[in-house]
Structure formats: structure tokens, C-alpha cells
Amino acid sequence: MQVPAPFEYERASSVEDALALLERLGPDARVIAGGHSLLPMMKLRLAAPEHLVDINDLRELDYISDEGGEVRVGAMTRHRALLESALLGERFPIIHDAERVIADPLVRNRGTIGGALCQADPSEDLSAVCAALGASVVVRGRDGERVLDMVEFHRGPYETAVADGELLVEVRIPAHEHAGSAYEKVERRAGDWAVAAAGAALRMDGGTIAEAGIALSAVGASVTSERAVASLRGATASEEAFAEAGRLAAEDCSPTEDQRGDVAYKRHLAQELTTRALRRAAGRALRQEA
Amino acid sequence: MQVTMTVNGDEVTREIEPRLLLVHFLRDHLGLTGTHWGCDTSNCGTCTVQMDGEPVKSCTVLAAMAGGHEIRTVEDLERDGVLDPVQQGFMEEHGLQCGFCTPGMLMTARALLDENPDPSDDEIRTAISGQICRCTGYTTIVRSVRWAAEHPAEVTP
Chain A
1 MQVPAPFEYE RASSVEDALA LLERLGPDAR VIAGGHSLLP MMKLRLAAPE HLVDINDLRE
61 LDYISDEGGE VRVGAMTRHR ALLESALLGE RFPIIHDAER VIADPLVRNR GTIGGALCQA
121 DPSEDLSAVC AALGASVVVR GRDGERVLDM VEFHRGPYET AVADGELLVE VRIPAHEHAG
181 SAYEKVERRA GDWAVAAAGA ALRMDGGTIA EAGIALSAVG ASVTSERAVA SLRGATASEE
241 AFAEAGRLAA EDCSPTEDQR GDVAYKRHLA QELTTRALRR AAGRALRQEA
Chain B
1 MQVTMTVNGD EVTREIEPRL LLVHFLRDHL GLTGTHWGCD TSNCGTCTVQ MDGEPVKSCT
61 VLAAMAGGHE IRTVEDLERD GVLDPVQQGF MEEHGLQCGF CTPGMLMTAR ALLDENPDPS
121 DDEIRTAISG QICRCTGYTT IVRSVRWAAE HPAEVTP
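Residue numbers (my numbering), protein chains in the order written: chain A, 1 to 290; chain B, 1 to 157.
Think of the hints as simulated: they come from the structure by calculation, not from any bench. Be careful, since some hints might not be right.
Said to hold, decoys possible - From the structure, some residues in chain A lie toward chain B, with a derived Cβ separation under 7 Å: (1) Q2; (2) P4; (3) Y9; (4) A20; (5) R24; (6) H36; (7) A47; (8) E50; (9) H51; (10) E187; (11) W193.
Said to hold, decoys possible - Computed Cβ-Cβ distance ranges for the label pairs, DEER-style: (12) A:E50 / B:T41: 45 to 53 Å; (13) A:R227 / B:P152: 55 to 63 Å; (14) B:E17 / A:R142: 28 to 36 Å; (15) B:D118 / A:A264: 18 to 26 Å.
Bear in mind that the values here come from a model prediction, so they are computed numbers and not experimental data. From the three backbone atoms N, C-alpha and C, an ideal C-beta is built for every residue, glycine too.
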């Protein structure tokens with residue numbers, strides 16, 4: 001029987017209460033949202049916090065709001081709500097692509113976007129989605145808020161810029177006209193971690209790519225490829241451009257061999273999935289589903 | 001610490017350790033052993049119960065986190081000797097097989113049908129995709145849920 005090591009449990013009633021608890025309890029406290037990453041780690045004793053601060057009662061962080069130029073998603077919004085949001089599906093189809101293949105419906109009933117991002121698992125999907133979309137996150141502490149882009153936020157595997165005593169409260173996703181996005185993932189079976197995955201977002205100006213975002217998952221610590229993104233800027237949307245960006249992204253990723261595949265296979269997937277994601281993103285941007 | 005939640009319509013209060021998982025709370029503290037406990041790693045889904053009407057894996061929820069919420073387990077499906085249509089369906093279409101994953105499958109099926117009374121086979125397969133049947137017999141499970149969809153109870157409690 002796997003059970004977590006002993007800890008003290010506190011349930012926060014508001015964001016302010018959560019921040020006060022985190023300040024009082026110090027660095028040995030961890031925030032628990034849906035718990036579907038943290039609890040398995042605690043059962044395996046990969047994590048053993050002395051205090052858990054449960055933020056599941058913070059309904060104030062469960063929202064998806066359209067601010068015109070951007071969509072704001074509260075940190076406690078669960079995967080299921082992301083998948084069921086018509087607004088997100090229309091503005092950012094990459095989110096629905098990814099949510100359909102994140103774990104399984106039971107896990108999606110509990111897991112949250114804030115928890116997923118803060119876990120910063122190198123195989124986690126929403127970090128790549130948010131990076132591709134150029135999203136930023138809002139981190140709140142007792143002294144105020146900080147707004148960080150995904151590069152500033154995501155420090156590496158299991159490490160983010162959220163400091164002790166701080167809480168991720170919101171994700172902000174810029175919305176553009178003539179934009180499209182897509183997520184492609186290969187997994188061995190339903191609900192498994194990705195062998196490799198790629199997300200792409202494109203903003204079009206006629207047939208020309210005005211701006212691109214590419215982010216990969218499960219193929220190394222660095223999820224973006226600046227060279228791939230740069231190769232697309234100003235280029236004509238074409239199979240050649242997508243293939244070249246895929247090639248660059250695959251070169252820039254750093255997969256490791258494990259039970260899901262060897263390095264060459266994962267690199268091949270990174271290339272192919274990036275190309276496919278770009279093709280679909282462009283199709284969607286031009287309102288023609290590829 | 002003390003935890004209070006509603007289980008199968010009854011409010012229960014128990015003194016627990018914060019690290020107690022919901023599955024063990026149900027089985028060991030309340031004696032509701034219909035909820036099975038399988039892989040321990042949040043993969044197999046055999047421990048599935050409903051929390052506020054949604055299926056969740058009870059090995060990945062702390063009992064403390066369930067405080068104040070409504071939990072429904074497989075023991076609550078049959079009423080006054082009358083089986084829930086999903087239970088009857090699993091009998092009619094041999095969805096039971098070895099029976100180990102059955103309680104979790106039943107709770108997911110009930111939640112699915114409550115929300116979507118006429119799911120497609122694909123929707124049924126998606127709904128149970130987080131639950132493993134090692135009899136390799138998903139075909140009969142899907143048929144069982146379909147049977148239940150085609151034979152809804154006249155009175156839903």
C-alpha cells in the first residue's frame with residue numbers, strides 16, 4: 001500500500017488565506033490543487049512536504065474570461081472545464097487538441113491548469129501549449145503580483161519561478177485575428193505521458209506568417225526553438241517552411257532514451273509532429289481545417 | 001484531524017490522519033469495500049467513485065480533500081433490491097467478467113449516463129479510457145453501458 005509520508009493539512013478559504021498560510025508555514029509547505037501530480041509523487045516518496053495547503057476551495061480562481069485582446073484563465077480551472085470551454089476551443093484550438101490527450105477523463109476532472117504548469121513536468125502538455133501561444137502567468141505573493149512569460153516562468157524540469165509563499169493565480173493568453181494553433185502528440189496508450197509532442201501557433205498576414213510559436217514536450221528541458229520560430233517569421237505558409245521549421249525544432253530538442261523510445265525515434269517524432277502541428281495551425285488560421 | 005463528508009447520502013465524521021487516501025477511508029473506516037483498490041498509481045481506475053457527481057480516482061484524492069463533498073460509491077447504486085440499469089446491463093451483456101474493475105466502471109457509466117443518456121460507443125470508450133480491464137474485454141463493457149442507456153430506470157433517485 002502506497003501512502004504519503006505524514007504531513008499537516010490546511011485548507012485555504014481564499015487566495016489571501018492561502019498566501020498567509022504559505023507565509024506562516026514556510027518552505028516546507030506545498031500547495032495542492034487537483035493533486036494528480038503531487039499525490040502520486042508523495043506516494044512514491046519523491047515528495048514529502050511537511051504541510052499541504054489545499055486550495056480546492058478557491059473558486060475565485062476557477063474562471064475563463066474573455067477580455068477582448070486576451071483570454072484569462074484562473075489557476076484552479078480544471079482540465080475538464082478547459083476541454084468543455086467553447087471560447088477556448090474557438091480561439092485556441094491547440095488547447096482542446098491537448099486536453100483531449102491529457103491523461104484521461106477522471107484525471108481531467110480533478111487536475112488544474114495551475115497545477116499542471118507549476119508541476120513543470122518535462123512531459124507535461126499545457127506548458128508547451130502556453131509557450132506556443134505566447135501566454136503569460138500571474139504569480140501573486142503577499143507583496144503583490146508579478147506577470148511572467150513562459151520562458152521566465154518555466155525554469156526547467158519541476159522548477160518554476162514561483163517562490164516560497166507565492167501562488168500562481170492566472171494564465172493570460174493573447175488572442176489574435178487570423179491566428180490558428182494545433183497540438184500533436186504521440187503516446188503509447190490512452191492517458192500515458194507523451195513519447196513526444198509539439199504545439200504550434202501561427203498568426204497570419206494573408207498567406208505570410210506574421211508570428212509563430214512552437215513548443216515541444218517530452219523531448220528535453222528546453223521546450224522552444226528560437227531558430228524554428230525565426231525561420232517562419234515573414235515566410236510564406238508552405239509545406240517547405242513547415243518542414244524546415246520541424247527540422248530545426250528537432251535539431252534543437254534534447255530527448256533522452258527511455259522505455260518510450262530511443263533518441264533517434266523521438267527526434268524523428270519531434271520533427272514530424274512540429275511539421276504537422278504547423279500545417280494544421282495554418283489551416284485553422286486560414287479557416288481551412290487541414 | 002476530523003473530516004466530515006456525505007457518503008451515499010449519509011453524513012459521516014471520522015478522526016483521520018491527513019495522509020489517509022479517500023479509497024482507504026471508504027474501505028477501512030466505513031467498511032465500503034465495494035470500491036476496489038488496484039494499482040495504487042492513479043492508472044487503473046478501479047478505485048473510481050463519484051465526487052459531487054463526477055467520477056474520480058479515489059486513490060488520488062485525500063480523504064481530507066473530500067471533506068464537505070458528496071461521495072457516491074457502488075454500494076449506492078442498488079435501491080430496495082432493484083439494480084441500477086448499469087448494474088443490470090453488466091449482467092445482461094457480461095460486462096462483469098472477473099469483476100475487479102466493475103465497481104469503478106459502474107460509477108463512471110452512471111456518471112456518463114446521468115450527463116449524456118444516449119452516448120455513442122466512442123463516447124463510452126472515451127469515458128472509461130482511464131480505467132483498465134485486464135480481462136481485455138472492453139467490448140462487453142461498452143455493450144453493457146449501451147444496454148443501460150437503452151433501458152433507463154423509470155425513476156431516477
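Hints and how they fare:
1. Satisfaction of the interface hint for A:Q2 is found here, the shortest Cβ-Cβ separation to chain B being roughly 5 Å, below the 7 Å cut-off.
2. Evaluation of the A:P4 hint against chain B yields a held restraint, the C-beta minimum of about 5 Å falling below 7 Å.
3. Hint on A:Y9 holds. Least Cβ distance to chain B is approximately 4 Å, under the 7 Å limit.
4. Restraint check, A:A20 versus chain B: the minimum CB separation of about 19 Å is more than 7 Å; hint violated.
5. The restraint placing A:R24 at the interface with chain B is violated, with a minimum CB-CB distance near 17 Å, outside the 7 Å limit.
6. Interface restraint check: A:H36 against chain B, minimum CB-CB distance 6 Å, threshold 7 Å, status holds.
7. Restraint check, A:A47 versus chain B: the minimum CB separation of about 12 Å is more than 7 Å; hint violated.
8. At its closest, the beta carbon of A:E50 sits 11 Å from a beta carbon of chain B; the interface hint therefore is violated under the 7 Å criterion.
9. With 7 Å as the threshold, the beta carbon of A:H51 stays out of range of chain B, its nearest partner Cβ sitting at about 9 Å, so the hint is violated.
10. Because the smallest distance between the Cβ of A:E187 and any Cβ of chain B comes to about 11 Å, over 7 Å, the interface hint for this residue is violated.
11. Evaluation of the A:W193 hint against chain B yields a violated restraint, the C-beta minimum of about 11 Å exceeding 7 Å.
12. Between A:E50 and B:T41 the CB atoms are about 23 Å apart, so this pair departs from the stated range of 45 to 53 Å.
13. At about 57 Å, the beta-carbon gap between A:R227 and B:P152 stays in the expected band of 55 to 63 Å.
14. A beta carbon spacing of about 30 Å between B:E17 and A:R142 agrees with the range 28 to 36 Å that was offered as a hint.
15. Checked against the hint of 18 to 26 Å, the pair B:D118 and A:A264 fails, with Cβ atoms roughly 47 Å apart.
In summary, the numbered hints that this structure violates are 4, 5, 7, 8, 9, 10, 11, 12, 15.
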